[in-house]
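A.B. asks: Residues per chain, in single letters:
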Amino acid sequence: MQIGTRTAVLVLAGAIAAAGCGPRPTGSAGTSTEFDPPTGSPAVAATTSTTRGAGTLAPEPVIAAPTEPVAETSTTVAPAAPPSPDVAVDEIDSLLAGLDETLAELDQLLNQAAAALAAEEGEILP
Amino acid sequence: MMKRMTTVALAALMMATVPGAALAQETTTTERPAEDRQVADSERRAEWFAALQTRALDAIEKRLGTIDDLEAAINRSTTVHAEHADQLFAELRASAAGLESLAQDVRAAEDLATLWELVPKIFEDYRIYAVVAPKVHLVLVADAAGAIAGRLEQATGTLGDALDRLNEIGIDVTDAEVLLAEMKESVASGATSAASVPDTVLDLTPADYPGSSETLRSAHSVLKSARTDLQLAGETAHDIVRFIVGALGGGDTD
Numbered sequence: 001m002q003i004g005t006r007t008a009v010l011v012l013a014g015a016i017a018a019a020g021c022g023p024r025p026t027g028s029a030g031t032s033t034e035f036d037p038p039t040g041s042p043a044v045a046a047t048t049s050t051t052r053g054a055g056t057l058a059p060e061p062v063i064a065a066p067t068e069p070v071a072e073t074s075t076t077v078a079p080a081a082p083p084s085p086d087v088a089v090d091e092i093d094s095l096l097a098g099l100d101e102t103l104a105e106l107d108q109l110l111n112q113a114a115a116a117l118a119a120e121e122g123e124i125l126p
Numbered sequence: 001m002m003k004r005m006t007t008v009a010l011a012a013l014m015m016a017t018v019p020g021a022a023l024a025q026e027t028t029t030t031e032r033p034a035e036d037r038q039v040a041d042s043e044r045r046a047e048w049f050a051a052l053q054t055r056a057l058d059a060i061e062k063r064l065g066t067i068d069d070l071e072a073a074i075n076r077s078t079t080v081h082a083e084h085a086d087q088l089f090a091e092l093r094a095s096a097a098g099l100e101s102l103a104q105d106v107r108a109a110e111d112l113a114t115l116w117e118l119v120p121k122i123f124e125d126y127r128i129y130a131v132v133a134p135k136v137h138l139v140l141v142a143d144a145a146g147a148i149a150g151r152l153e154q155a156t157g158t159l160g161d162a163l164d165r166l167n168e169i170g171i172d173v174t175d176a177e178v179l180l181a182e183m184k185e186s187v188a189s190g191a192t193s194a195a196s197v198p199d200t201v202l203d204l205t206p207a208d209y210p211g212s213s214e215t216l217r218s219a220h221s222v223l224k225s226a227r228t229d230l231q232l233a234g235e236t237a238h239d240i241v242r243f244i245v246g247a248l249g250g251g252d253t254d
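Those protein sequences? They're chains A and B, same order as listed.
Note that our numbering has the first sequence beginning at 1, numbered continuously upward.
Note that our numbering has the second sequence beginning at 1, numbered continuously upward.
Be careful, since some hints might not be right.
[What the hints assert, rightly or not] Footprint (simulated), chain A over chain B, 3 or more residues, beta carbon under 8 Å:
| no. | segment |
| --- | --- |
| 1 | 122-131 |
| 2 | 134-146 |
| 3 | 149-155 |
| 4 | 208-222 |
| 5 | 225-231 |
FYI, nobody ran anything at the bench for these hints, they're computed from the structure.
We put the CB at the ideal spot given by N, CA and C, even for glycine.
This is chain A alone, in the form it adopts within the complex (with noise of 0.2 Å):
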């Protein structure tokens, strides 16, 4: 029950922070509209963007304090909506997305290294 109320508080606010109105959530967990796809509207992405910083937990005032008036709600935490678990796949994908190629590129590094260990300084005087 708490959680459906937070749901229910964080899908309004989250609404109300992106583009001001919005489908209605389904009221079941994990199903909200707000996490259905197209995830990462311009509006949510950029308010990650400007509220995050990397690896730090974004404030959730919309969680904390769901029963302060929606009013003052939106117009003080807007900007501070929490990012959807999909912009953060997004942003994870990022993170990974070059992970195999440079993990080859420290491959040849270390093959390199390799190499340079088993290298002589060889010989000149009979």
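Assemble the complex: chain A is given as a structure, and chain B must be docked to it using the hints.
C.D. replies: Positioned in the frame of chain A, the structure of chain B alone reads:
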């Protein structure tokens, strides 16, 4: 009587002069080969000197080329730490200057003994292949691994945020939290291993050889371990992403 005395004198003269003549003849026949040998030895020593001088200069040139390659590798790296690059550049430039000076001495050498003293310096004073080159490569690997660890650490924060959001809307993220904890552990292990290498190898000098070889090999093993940790962290991150997408009712992210 007179005739007998003359015969004795001639005999005595023969006794006295024949061995002398034989000796003189023998001396002539043995001196010429000795002179020939001396000339041949001298020519051989000159050829040997020239060959050794050439080989020494080639060895120096080869090392100067390697130093150029190492400097280029550092310049190409987008992840090497500035202070590490500075230290490596300084050492490479000092080595290059020393080798160029040594090359001048080798060119100026006029006898084999001088050359004989100079040649070992090419190896002993610089250890370009035994110490310097491995050190440069290992530091580049370490800093590259550190950069990957940094990206993955950032990813753990983002994933943690996403899991928090899911948890807040009532989705059970227990399994994903376990994965995230494993990922953080792998990232931390990889980062710690990678960060330990520069401090271990940067201060190695040619004088540390041959003991330095074991230190360098050990550092390489540490970096291989770090690479394994980082790969594991990346795979775990993908697992967590799949969990999130699945929780949102989406398809595969691959």
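A.B. asks: Which of the numbered hints are not met once you compare them with the structure shown?
C.D. replies: Violated hints: none at all, because every hint is consistent with the structure.
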